[in-house]
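Q: All chains should be modelled from the sequences, with the hints used to inform the complete structure.
Chains as they are written, first to last, in the working numbering: chain A, 1 to 539; chain B, 1 to 718; chain C, 1 to 252.
Don't take every hint at face value.
To be verified - Derived CB-CB ranges, DEER-like:
hint : chain 1 : residue 1 : chain 2 : residue 2 : range
1    : A       : Asp142    : C       : Arg152    : 35 to 41 Å
2    : B       : Phe656    : A       : Asp157    : 31 to 37 Å
3    : B       : Ile463    : A       : Asp142    : 21 to 27 Å
4    : A       : Ser370    : B       : Pro642    : 30 to 36 Å
5    : C       : Ala108    : B       : Trp468    : 34 to 40 Å
6    : C       : Glu99     : A       : Gln128    : 25 to 31 Å
7    : C       : Glu99     : B       : Leu582    : 54 to 60 Å
As the list claims (entries may be wrong) - If the Cβ cut is set under 8 Å, some of the chain B residues that face chain A in the computed set are:
hint : residue
8    : Thr624
9    : Thr658
10   : Ile660
Claimed, not checked - Computed footprint of chain B on chain C; a stretch qualifies when at least three of its residues, placed anywhere within it, have a C-beta under 8 Å from a C-beta of chain B:
hint : segment
11   : 150–164
12   : 172–179
No wet-lab data here; the hints were simulated from the structure.
Yeah, the Cβ is synthetic: ideal placement off N, Cα and C, and Gly gets one too.
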Amino acid sequence: MSAARVLDSTVERANLETITVALRERFHGAVSIAESGVVGSVSCENLPALPAICRFLFWEAGCSFGGLIVEEQKDHWDLRYLFLAPQAGWFEVLVKLPLEVTSIPSISPEVHAADWHEREAEDLFGLQFEKHPRLGDFILHDQTWAEGLAPLRKNFDITKVHVNGQTNMDWRPLLVVRDPGAFAMPVGPVYEGGIGESVHFMLETVGEDVLRAVPRLFFNFRGVEKIAEGKNVGDVLLLAERFAAKSSFAHSWAFCNAVERLCGVAIPLRATHLRIILGELERVRHHTGAITGICESTALTVSASQAAIIEEKLLRISCSFTGHRYLFGLNTPGGLRRDFTKQDFDNLLSGISEATDQLQILEERLSFTSSFLDRLEQVGVVDPKSARDLNLVGPVGRASGRCHDLRRECPYGAYEELAFDVPRETEGDGYARLRILFQEAHQSARLIRQAINRLEAGPVCAVCRPQHAGAALGWVEAPIGAAIHWIRLDESGLVQRYRAITPSFNNWMGFHAAVEDFAFQDFPIILATFGLSATECDR
Amino acid sequence: MTEADLIRSGILLFFVLCGCGLALSGAIQGRNSLRIMAVFSTICSGLMMLVAAVSLISGESPLLQLWDLQGFGRLSLQLDGLSSIFLFVSGLVYLPASLFGAHYLAKRFEGRYPAQRFGVLHFALMASVVLILTSSDAYSFLISWECMSILCYFLVNYEQTRTMDTRAGYVMLAMSEAGFLCIVLAFLVAGKMASDFSFPALAMAATQLSTGEVWAVFLLGFLGFGVKAGLVPVNFWLPRCYTAAPAAFVPVLAGVTLNLGVYGILRLNAGLVPGHGVGMGLFALITGSISALVGILYATTENDMKTMLAHSSIENAGIIVAGIGASLIFRNSGFAVPAAIALTAALYHMTNHSVYKTLLFQGAGEIEAATGTRQMDRLGGLARSLPGLSVVFLVACLAISAVPPFNGFVSEWLTLQSLLRSAVLSSSIVKILFALCGAMLALTAALAVTCFVKTYAMSFLGIKRGSWRENSNDNLRRLHFSSIYLALACLLLGILPTFVIPVLNRAVEPMAGASATSSLVPPFFSATTANQQLPAAFLEDFHNLGAQSGAKIIPGRGLVILARGGEQNPVIFAMSPSYSILALALLLLVTWFVVSRSTRQRSLVRKELWAGGIPRLLPEMSYTATGFSNPVRVVFQAIFRPNVIEDTRDTVSVHFRTAIHRRRDETHMVDRLFFHPIGDAVVWFAKLLAGMHHGRLNAYVAYILGFLLIILLLYRLS
Amino acid sequence: MSFWFWHGLRKGVQSSRYPRVMETAPGVSPGRPIPTTFRSPSEAEQAVAECPVGAIVAHANLADVVLGRCIHCQRCHFGAPSALEWRNDYEWTAIPEDEENYAPLPTAYRRSLHVIVVDAGDCGACLHEVKQLNNPLYNIHRLGIFFTPTPRAADVLLVVGPVSENMRVPLLKTYEAMPTPKRVLAVGACAISGGVFGRSAMSAGGVSSLLRVDLEVPGDPPPPLVILHGLLSVTGRTTPVKNLSSSVVRSE
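A: Have a look at this one:
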């Protein structure tokens with residue numbers, strides 16, 4: 001593959017070099033340095049050493065796991081294990097396999113955070129990961145899909161419907177608790193007291209405490225990554241916006257970032273600041289929604305109503321400001337599609353100030369409601385060690401001590417010029433997550449104000465046309481956590497492979513650690529404090 | 001022929017028939033043996049009921065003098081009020097229980113165990129039970145008691161190839177013998193001053209006993225009889241034994257032999273050697289309440305149906321004994337009317353318990369026969385495969401949960417009301433203890449409802465959780481006559497309490513000193529203003545309420561249970577299950593009529609169960625009995641003290657759990673506090689003594705020398 | 001301890017008075033493109049080319065809008081060479097094209113309606129808008145509409161999302177479990193026409209391929225007031241539009 005243009009500072013380069021050097025020392029013979037670009041890269045030559053290499057990167061070099069990107073090329077497989085080196089940037093371990101070889105050592109026993117990534121690759125590509133404890137029945141539910149389908153392979157015809165509505169009614173869940181009195185309470189996929197996303201839980205218990213609660217997701221699997229193949233960038237942008245609408249701007253930003261990086265385009269400064277304003281607006285609105293959810297789950301209805309009012313007001317502000325309540329149709333590769341007037345910004349500022357004031361009042365009132373705090377404190381605890389192990393991202397991770405924020409670690413846009421704090425808590429319980437949400441909303445308002453003040457006149461869009469084939473990575477700190485988009489274009493500028501690694505995917509994997517060993521009644525509350533989106537995970 | 005003669009000849013005829021039945025069922029082989037057993041049992045139990053009924057109605061207590069044994073005195077039988085009530089109840093229960101036993105053995109154990117053995121033991125036990133209830137002197141009582149204990153042991157170990165269960169029978173035998181020893185000692189102490197050991201002589205001599213001796217008799221008798229009755233702390237054999245006993249015999253065990261313990265307590269400690277002061281009554285009250293609470297706690301968290309019912313029997317025995325204790329306290333404090341109410345409640349509860357517990361154990365036996373398991377975690381959905389049994393079992397569950405209109409309600413209600421009467425007592429300490437015991441019994445009642453809701457729901461409702469073959473043409477689908485009989489008895493005893501109370505009065509009046517009938521059942525049917533049995537204004541009010549309905553149709557005093565106070569407080573409590581059930585039926589009828597006339601007929605469409613969109617609701621997704629009772633286990637953790645919760649998780653690594661194994665080790669509270677410490681103490685003592693057996697001849701000679709010296713010294717000093 | 005009762009009372013009544021009074025607060029609706037007459041057919045053709053999902057159909061000078069396909073990408077709005085006119089309204093509920101015997105629910109349901117919401121692959125926006133109906137600013141409880149978690153008690157099945165393959169059976173089961181009379185509401189462009197996901201091995205391309213849809217609520221996402229209009233139309237309290245395109249011909 002040809003290298004993308006280097007756009008990042010040399011300081012980062014130096015640190016990535018350190019890791020590369022360390023790797024070469026430890027695993028000489030097993031690794032070789034690939035051509036470096038934005039993403040520091042080593043190639044793994046010796047397949048059995050792969051788990052050890054990843055283990056070294058995750059545990060000893062202190063990287064966090066970004067994701068696994070699998071590509072089917074004409075004659076070989078490309079597997080990229082993406083890591084985020086602390087204070088350094090992205091790092092990948094590249095594995096090339098001949099197409100006939102579909103078996104690869106699993107790194108999940110060493111790096112637990114890779115569990116679901118490998119399961120997804122198995123379901124979608126048919127790759128077998130040796131020694132993975134549990135493969136199958138992940139994205140392609142056993143009761144609905146026939147065995148052996150690999151939808152993301154090039155030879156899969158997406159227009160043909162493979163399953164004619166024949167569901168295997170004898171499907172049985174794989175239950176873990178072996179006790180004669182144990183049972184599994186099924187929750188979902190149509191559930192949640194009225195309006196909820198389609199997720200299925202089997203809460204295994206012997207009465208009071210939930211012993212095992214691994215969620216069954218992918219009911220909303222629409223195959224976005226497959227639909228994108230062969231389409232032009234504009235159409236795939238629509239997909240990127242619309243597979244997870246509550247973080248739509250963040251995902252479209254990450255996508256545009258990737259395309260811009262691939263084309264080597266630097267977007268105008270005004271567009272950068274505008275994107276920051278819109279991204280933070282989305283974050284405030286999203287967090288207010290999560291706070292509403294937490295208040296609803298604890299049945300403190302008045303506070304839920306008040307939080308809901310703030311959220312609706314923010315939605316209306318978004319609509320008056322941009323023309324769409326969820327900020328659709330704004331991002332485009334090269335910048336934004338429209339500009340805003342001074343009056344728009346004034347209205348926005350006053351709206352945001354009012355919302356932040358209301359949020360502050362709400363936070364204070366909630367902190368004095370002991371019945372509410374009782375349901376959140378010490379409930380759904382994820383200790384820092386588990387959070388590291390399971391690679392939790394976003395506010396959930398920050399509540400358990402993992403202070404990673406892509407706006408700080410790999411600054412994109414103009415974030416390195418702006419002053420903001422990244423809140424961090426160590427308790428890892430529901431109340432810590434709630435506090436993080438409030439603090440981040442506050443910081444987002446701060447960022448919006450700073451960005452508006454720094455706005456300069458200028459264009460909002462640069463011409464962005466792909467010149468040649470290539471691949472690039474784009475990343476954004478979405479409201480739920482780190483979102484990574486990877487895209488490969490061919491010569492005619494059509495999308496060959498689109499990979500979206502979403503923060504909900506990572507956090508859903510670690511969700512069970514918070515629920516286990518807590519009572520049934522706490523389950524909806526823990527679910528609300530995580531504020532996850534099933535559809536963002538499912539794509 | 002006078003009634004007394006009738007009774008005497010009835011008793012003799014009973015023994016003759018019993019002997020015949022014993023001989024015949026022992027001699028004949030196979031199925032016919034069981035048929036003979038059924039026929040003769042029916043006749044014998046019928047005779048028991050007849051004799052007891054004649055005695056109760058006529059009021060006669062004839063004495064039957066038997067042989068004169070050299071040195072022991074004259075053996076005699078007498079059927080007084082207390083005996084006849086227990087005899088009637090035993091007969092009432094023996095009839096369906098023996099029919100069920102014969103039917104069950106014929107279906108289940110064809111040829112595996114000899115049916116003759118069961119028949120012989122059955123009749124022998126019946127005879128010994130009647131002997132216990134009618135003995136009028138200590139010898140026949142004790143001999144028949146011992147026979148009963150041994151026969152119970154043989155019957156419990158009837159299915160002798162199951163070694164685990166035979167050990168349970170052995171524990172029962174050991175405890176029965178220990179209890180028997182205590183009873184013998186009690187009688188010995190009681191008869192210290194007596195001329196001979198007949199009951200009248202013992203009663204007369206009891207007045208000369210010192211307080212210490214009376215207490216000794218009380219404690220020994222109470223604990224000795226408590227073994228059979230199932231009171232804490234001597235009841236640790238009961239759950240093991242009831243679980244191990246064959247399904248053909250358990251109904252008798254629970255319905256008849258448990259009552260014998262209560263009979264013994266009443267006979268010895270309330271009848272023959274009544275104490276003075278409230279101490280003994282308090283002891284009984286507190287022991288009863290604690291037994292009740294502990295029993296129901298373990299019943300609620302137990303998943304094996306027979307063990308659960310055994311714990312429930314402990315609970316009911318506790319309630320009975322608590323009622324007896326309250327009665328003793330009231331009587332010794334000089335309040336005869338509350339004493340009568342409390343004793344009535346206890347005897348009524350004893351009757352009710354026999355009836356519904358027998359029915360429940362029969363149901364458990366049928367369930368085990370149909371599904372092969374007793375674990376409630378593995379049952380479910382039986383209402384579809386055993387419809388008749390589900391109705392009858394529901395009646396029994398409702399009865400034991402004290403839900404009107406069934407019998408449990410009346411006795412439970414009367415027990416609690418009699419505890420409330422403690423307001424008349426003067427001592428505050430006693431009143432506080434009454435209040436505490438009342439609270440414990442109320443908690444027991446609530447837990448009993450939980451327990452039986454769990455039992456019925458987990459066994460009969462919901463989806464099938466286990467794997468057994470549904471036998472569609474199984475004979476067990478058809479309801480057995482004994483179950484219908486008992487269910488009807490539950491209903492009748494519940495809706496006609498005003499007919500039961502005058503019958504119980506025959507035992508209550510001599511013991512409590514006041515008439516239960518006049519305390520509890522006012523004569524609304526027969527009293528008129530001219531009759532003046534009740535104050536005119538009072539009568540007027542109640543007749544306006546309808547208390548005279550049915551006077552022309554139904555004989556008797558009235559259909560309302562009512563306790564009257566003085567001028568200030570004319571009605572302390574009142575209720576009428578008879579009228580309530582009528583009113584309820586009428587209301588339901590009216591509602592049905594109105595609804596069916598006023599609403600449109602809609603078509604009924606049956607669709608599959610809604611389970612949130614998953615393909616099918618599987619059995620592993622439905623609530624289990626363990627899950628249902630888990631909150632109780634958690635709340636009362638201090639009592640249960642689960643010892644070890646082993647939680648091994650087979651993992652590749654912590655994130656990937658592939659199996660979680662849980663095991664809970666619990667020892668019963670009574671075992672923990674009494675059985676094991678006693679056992680350990682005995683073993684320790686034995687080890688100590690074993691230290692003496694070391695084989696050195698010189699030391700043994702020294703032992704002899706030392707012992708001789710001590711004897712000589714003692715002789716010198718005395 | 002915070003005195004929530006008092007704080008709630010102080011907030012006062014914030015609910016919109018729709019449907020009695022039209023809601024005019026800014027930001028309640030993104031608006032929709034309406035059929036626009038251009039100066040020349042080529043401009044109309046240009047407008048057609050702007051739309052990535054084929055929601056604009058040209059007939060001579062008229063650029064007609066098939067609102068059921070519109071995904072609110074705004075490409076025909078801001079800065080478009082042939083921009084369509086937009087109207088800021090929200091009464092968009094329509095009876096599907098091929099639906100001849102549409103009838104609202106009987107009058108007994110007018111002021112007491114129970115709705116079950118099924119997320120069949122939705123992106124989250126439509127579901128979130130439905131959820132906003134419960135907040136004090138819209139407060140559908142005042143109109144007698146309630147969301148219920150069980151289909152046994154539901155009168156209306158509100159489906160969002162293009163019906164992903166994994167949700168096919170749960171959706172059908174939900175519909176089966178509802179007692180008659182029942183109505184199906186397809187909310188959002190995905191539920192009506194598959195949206196950007198279309199018809200594929202992984203998604204059914206809209207609810208109408210599985211169930212008979214009674215009313216369509218277009219938008220991506222339709223704002224809460226549009227959904228409210230849809231729910232009120234199901235009971236007959238407001239009138240749905242017969243079809244939202246003024247011409248009969250629809251392009252494939």
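Q: Each of the hints needs a verdict: does it hold here or not?
A: Here's how the hints hold up against the structure:
no. : hint                            : verdict
1   : A:Asp142 x C:Arg152: 35 to 41 Å : violated (28 Å)
2   : B:Phe656 x A:Asp157: 31 to 37 Å : holds (35 Å)
3   : B:Ile463 x A:Asp142: 21 to 27 Å : holds (22 Å)
4   : A:Ser370 x B:Pro642: 30 to 36 Å : holds (32 Å)
5   : C:Ala108 x B:Trp468: 34 to 40 Å : violated (47 Å)
6   : C:Glu99 x A:Gln128: 25 to 31 Å  : violated (49 Å)
7   : C:Glu99 x B:Leu582: 54 to 60 Å  : holds (57 Å)
8   : Thr624                          : holds (5 Å)
9   : Thr658                          : holds (7 Å)
10  : Ile660                          : holds (5 Å)
11  : 150–164                         : holds (count 3)
12  : 172–179                         : holds (count 5)
Violation of the numbered hints given earlier is confined to hints 1, 5 and 6; the remaining hints are satisfied by the structure.
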